[in-house]
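Engineer: Here is how the chains run, residue by residue.
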Amino acid sequence: MILQQLVNGISIGAVYALIAVGYSLVYSVLNFSNFAHGEILMLGSYVGFFALTQLNVPFVLSIALAMIGAGVIAILMEKIGYRALRLRQAPLLYFMISAMGLSIFLQNFTIVTIGPNFRTYPDVLPTQPFTLGNLSIGRIDLLIFAITVISLAMLTWLIYRTKLGSAIRAASYNMNVASLMGINPDLIVMIVFALAGSTAGIGGVLFGMKYTVYPWMGALTIKAFIAAVVGGLGSLPGAVLGAFVLGITETFAAAFVSSEFRDLFAYTLMITIIVLRPAGLLGTLTQEKA
Amino acid sequence: MSGYYSGIIILTCINLLAVLGLSLLTGFTGSFCFGQAGFMAVGAYVSTLLTMNYAAPFPLALFAGGLAGLLVSIPLGYPTLRLKGDYFAIATLGFAEAMRLIIENLEKITGGSRGIPGIPTHTNLPLILVVTFFFVWLVRNYVSSRHGRNCVAVREDELAAEAIAVDTFRYKQISFAINGFLGGLSGAFLAHYVGFIQPSMFGIPQSTQLIVMVIFGGMHSITGAVLAAIILTALPEVLRAADAWRLVAYGAVVVLIMIIRPEGLLGSWELSKDSLQDLWSKLQARLNQYKEQRLAKAKE
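Here the protein sequences line up with chains E and Y, keeping their order. Just so we're aligned, residue 9 is where the first sequence starts under my numbering, counting upward by one. Just so we're aligned, residue 604 is where the second sequence starts under my numbering, counting upward by one.
This list has only true hints and no planted wrong ones.
With the C-beta cut set under 7 Å, the calculated list includes, among others, these residues of chain Y facing chain E:
id: 1; residue: 633
id: 2; residue: 686
id: 3; residue: 697
id: 4; residue: 701
id: 5; residue: 847
id: 6; residue: 851
id: 7; residue: 855
id: 8; residue: 861
Covered stretches of chain Y, going by a simulated chain E footprint (3 or more residues, C-beta under 8 Å):
id: 9; segment: 702-711
id: 10; segment: 804-818
Everything labelled a hint here was simulated from the structure, so no lab data went into it. Using N, Cα and C, we set each Cβ at its ideal position, and we do this for glycine too.
Throw the hints in and build the complete structure from the sequences for me.
Structural biologist: Written out as structure tokens, the structure is:
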């Protein structure tokens, strides 16, 4: 029973990790949380869905299309909603408000144009689960886990092993100094949004497969944001750790306490962490400077 | 006045009370609160349970609703107001969602997700108008007092405010408490106007709508908040047909405001005797200028 819950927790934690990384990536460079990240995920999920049902492309290609689609949307989002604020060095409050506006706009635009109904992804895998002794693991969960691990590994390689990655890390330490070293801040911000967007695109397809696609599915990413906060905003390993901690806490709370109060546990975990350790599990505390 | 119009005015006042608190907290003090609906829920349920189970008089229930909002805001604010912007926003959102979940699951007391029907509809136009005017007057005086200026200092630069000996945490707590009270009061009025409450009325969309009103009107102006509450409550009633597109437009307008005119419709302009006189003299100066130009042209 405990082992089964652990497997379930890891499976849900994996998707949280993929999305939480997107939040952290944007935060690490721009010091604000893109609250409209969930809408990128939702649109990515729709791209994947229509690629599978209308264009009849193979599954792998649909993920690639969702990544590209969500990446482009994320870049556009930055150019339209945040760039002007960034150049003006507007207060954090304005970024949050702009994010909220983008989120309301995209969500309702989808409702008006595509429609408010829930759409089910076509089955890419047989639905009966694997059984391993007493454990039963859904094939979809296994696939989700595999895809998450592969994408996170690629992202880690990109951030820590390439020249582009060191430019991103330099920009996250200090954008001004990085731009003195010949790093184009606009380009870095664009790439960061593209990376965050495409991970959200993958997350969208995975969420769509596990549940369904619908215009307000972006709200699911609140959990991923909580994971990013628990792990420490701006820290990529932290986001992954936070996601697994949250996923496991949630499934255990649902199994042993009450499934209705599952979300309550998630919020309580977050508030406890930010009160005890404001920078999160692996984050570094930055002091506000004048 | 027909019931339809008085209904719109009552709804406007209900929204206005909640927006007033948010305007003080988010607009003047700079703490982005995503959870106003949570305070409304607390106020609505506390006042409803009082009038329905204990036959409490309506004014007492209203006050209790507001007080409940205030009492919730104190333990919530104590840890969360120390947090930075993003964290505070998400913590208030978490609070509102947690409230909704708790209400949904305390089925014996709150009726769960089906809600409570048959609440006596005590809210009437004269009462809510008087209460709303009173609180608009109160908050307006508060923000133009020394304390209000301290709030603005906290918003503009917390570190600098602290350096000139403003107790930043205390001012944030006061704003949060006033916001909690007004949210609770607004919820209590809502419950006794609609006559029916359920947890889904106090979800994220409700919080979002209220914060949009604050931004739309001008974050640094109480007059703006009042105006926005009036326009954005009445407009959907008039434009029933275009309902689906309303939220699309809301979103687009919010982003546009942030890009083009972050200070909102009125910026920091306030309606007062002085500001009206100022406006009037500017208008006259314009008129005189125009007349002189005409005269000069006529002479040529």
